[in-house]
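Just need the whole structure built from these sequences, with the hints factored in.
Number of protein chains: 2
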Amino acid sequence: MLRFRCNQLFTSPFEALFIQSFKPHTSLRCAQMGSYSTTSSSAQNSPKLVFRQLFEKESSTYTYLLADPSHPQKPALLIDPVDKTVDRDLALVKELDLKLIYAINTHVHADHVTGSGLIKTKFPGVKSIISKASNAKADLFVEPGDKIYFGDIFLEVRATPGHTLGCVTYVTGDGPNQPQPRMAFTGDALLIRGCGRTDFQGGSSDKLYDSVHSQIFTLPKDTLLYPAHDYKGFTVSTVGEEMLYNPRLSKDKETFKNIMQNLNLSYPKMMDVAVPANMVCGLQETKSEAC
Amino acid sequence: MLRFRCNQLFTSPFEALFIQSFKPHTSLRCAQMGSYSTTSSSAQNSPKLVFRQLFEKESSTYTYLLADPSHPQKPALLIDPVDKTVDRDLALVKELDLKLIYAINTHVHADHVTGSGLIKTKFPGVKSIISKASNAKADLFVEPGDKIYFGDIFLEVRATPGHTLGCVTYVTGDGPNQPQPRMAFTGDALLIRGCGRTDFQGGSSDKLYDSVHSQIFTLPKDTLLYPAHDYKGFTVSTVGEEMLYNPRLSKDKETFKNIMQNLNLSYPKMMDVAVPANMVCGLQETKSEAC
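Taken in sequence, the protein lines are chains A and B.
The opening position of the first sequence corresponds to residue 1 in the UniProt record's numbering, with each subsequent residue numbered one higher.
The opening position of the second sequence corresponds to residue 1 in the UniProt record's numbering, with each subsequent residue numbered one higher.
All copies of an identical chain are treated as equivalent in the list; a pair is satisfied when it fits inside any one copy or across any two copies.
Within a straight-line C-alpha distance of at most 27 Å, the following computed DSS-like cross-link-like pairs (lysine-lysine) qualify:
#1 K94 with K251
#2 K122 with K57
#3 K221 with K94
#4 K137 with K207
#5 K232 with K251
#6 K232 with K221
#7 K232 with K122
#8 K122 with K132
#9 K232 with K94
#10 K57 with K269
#11 K207 with K251
#12 K232 with K269
#13 K269 with K257
#14 K137 with K147
#15 K137 with K269
#16 K57 with K84
#17 K221 with K257
Since the hints were made in silico from the structure, they are not lab data.
Right under this line is the structure:
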């Protein structure tokens, strides 16, 4: 399995971070301003992680900022940035003295326009990332098993199709030198006490059930789940909680498929704008130049 | 200084938790389903903390659920519950197998109705808590320096008047056997890159400036700040960040007072409903019976 595949040569000094060797740490890292420890008491050599959850009210989308403050360059990434809140997110990156290197999407969204392209017009050094299976444009494409490094911390890519064909879940690494408990950024595959719809964009309730049960519910029960959306004001859940209390995915497969078939949801109002835009990083007018 | 003052006798078995001695731990605690570690890697004997941030969209209010999952009774408290989201919050408490013992307010809110009274009608064993300086009704009143225990974890009460006369900030305890980094629930005294208005309910920009600078900005810089509201999609900040980047409170006192005097804000639409209701735990019709 390759550590990573990309569609262009690395050009910025931060590119090297992406493919660097994974070096375990033996000493404690210092807390930094703005950092947020997810370190467990049993993992003395865990690095600190800068972590921020950010909300876009109109589409109820969560954007996540992660960074390794212990690395000299403080490399950072954004998961699922929204075009309308790019200025907020980039201001925060600057205030926390981080170096944004990646703008990552969990999938081609249908309810909002991604901020990836807009970020790249402001910071051309930032690379956009999406799954190869999405068929969307980006600088770098990921496949299951790939690792996305930012400093000494990495995200592992897991294929979780079903809401769309190209949905992936990004999970922080396993090991004493990675944040504990683990964190899974599930996109729309698994929402808190819910899941994304499966009736368009190559959706399949059969596939979604298998994805969640094989790729997410097999993670440790204390794994923190951070979805792309929440509509009820929840910010985080855990694998253990969703296995017990998710009203759809805690059921057997046939019941789940039946639930999904009878949701009778209306056509997403942003879909005809968002999907074509998100196939090219959210910027239709400039297309591949900004991807 | 008294550890706590209350206006009635303790009656439930959980009352004992409130006044129990503070016992340092020498062994590691086990992670539990739904728990969320804020433990630093340097504090091996820190207890785990169940922590959930919950959002009410209409008033942009954050409610916080905290619990000690290591204690046999898993005692929990809610800070700033909203009447409209009480059912959501209580369902979560039940799913996480916690025992709610306190419904706490940072102050008498003017923009939403507190859920404290409603919670007490559903769970009469829960005690409502507010500052003595608020002059509102509650089961228990706190003053600066008091400690509110839930299991072996406690919140320390700090007076932070200025938005209202009775505003307090609740801060997790200092010490290796308390969550690290510390967490401060600032109400409306300090918002992320902002602060509450000071033009009604005994508000004073002069007092608010002194409160924040003496009671919050003196905490360790990595203290996590959790406000009662956010209108831009931020979920957390730190003392270090706000000292540097708060556009109001990072200024000198005269500049701050001038900013606050010229906000030209409209009259809060919920004020005439919310303030009288919140003086009696959010339930005017039943008044003191539910407080």
